[in-house]
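Participant: Here the sequence shown stands for residues 1 to 171, where the numbers follow the UniProt record's numbering.
Incorrect hints may have been included.
In silico DSSO-like links for lysine-lysine, alpha-carbon gap of 30 Å or less [said to hold, decoys possible]:
| # | residue 1 | residue 2 |
| --- | --- | --- |
| 1 | Lys111 | Lys77 |
| 2 | Lys118 | Lys77 |
| 3 | Lys108 | Lys77 |
| 4 | Lys102 | Lys118 |
Label-pair distances were calculated between CB atoms; the ranges are [stated by the list, open to error]:
| # | residue 1 | residue 2 | range |
| --- | --- | --- | --- |
| 5 | Thr107 | Glu142 | 23 to 29 Å |
| 6 | Val109 | Leu144 | 34 to 40 Å |
| 7 | Leu144 | Arg78 | 40 to 46 Å |
Please keep in mind that the hints were generated in silico from the structure rather than gathered at the bench. Using N, Cα and C, we set each Cβ at its ideal position, and we do this for glycine too.
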Amino acid sequence: MSWKGYNSWWNEVNKMTSLLKKVSYSAFCAIRRQNLTNYKNLCRIRYASTKNQTEQVESESSSEALRLSQSAINRLKRISDDDGTFLRVVVEGGGCSGFQTKFEFDTKVDKDDIVIEKDGVRVAIDNDSLEFVRGSTVDFHEELIRSAFAIVNNPQAEQGCSCGASFSLKL
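From just these sequences and the hints, can you work out the full model?
Facilitator: Shown next as structure tokens:
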């Protein structure tokens with residue numbers, strides 16, 4: 001990338017950052033989709049959260065934030081250790097539809113995480129990522145050629161790609 005190309009790229013990053021501070025989340029997504037489609041993987045999409053930044057634990061009775069399917073619970077029970085390992089769900093900008101979901105195993109709960117506990121397993125998601133998948137279900141799919149965790153029945157998603165790894169938001 002030439003110096004001129006780098007400056008152009010950096011200007012787009014600065015535009016994206018300043019827009020992020022000035023407009024609402026929905027308006028930002030619409031602007032991003034129109035103007036920054038070539039820069040999908042610039043950085044993680046984050047917006048200012050007005051929620052409390054302390055760790056929050058979702059009980060089974062208030063699991064409307066993010067649900068866990070029985071297949072996900074069973075798989076997490078098989079692979080989780082007694083050392084406090086849990087599944088972390090992260091939503092990032094990228095993929096073929098605009099946003100992609102990543103699943104990682106972790107042992108440290110961050111201060112802005114919401115922890116969902118059910119049947120002895122834990123899933124953590126940060127406040128910003130939760131806004132993209134609120135009301136969805138974490139599922140575990142076992143197929144002939146791959147097995148993976150996935151977000152299903154996402155009421156925030158307008159459409160997704162054929163592999164199910166990315167989605168676009170309803171505006």
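Participant: Work down the list of hints and note, for each, if the structure agrees.
Facilitator: Okay, the hints, checked on the actual structure:
1. Lys111 to Lys77: 24 Å, holds
2. Lys118 to Lys77: Status holds; Cα separation ~11 Å.
3. Lys108 to Lys77: 18 Å, holds
4. Lys102 to Lys118: Roughly 20 Å separates the two Cα atoms, so the pair holds.
5. Thr107 to Glu142: 23 to 29 Å: Roughly 25 Å apart at Cβ, these two residues keep to the hinted range, so it holds.
6. Val109 to Leu144: 34 to 40 Å: 35 Å, holds
7. Leu144 to Arg78: 40 to 46 Å: 19 Å Cβ-Cβ, so the 40 to 46 Å window is violated.
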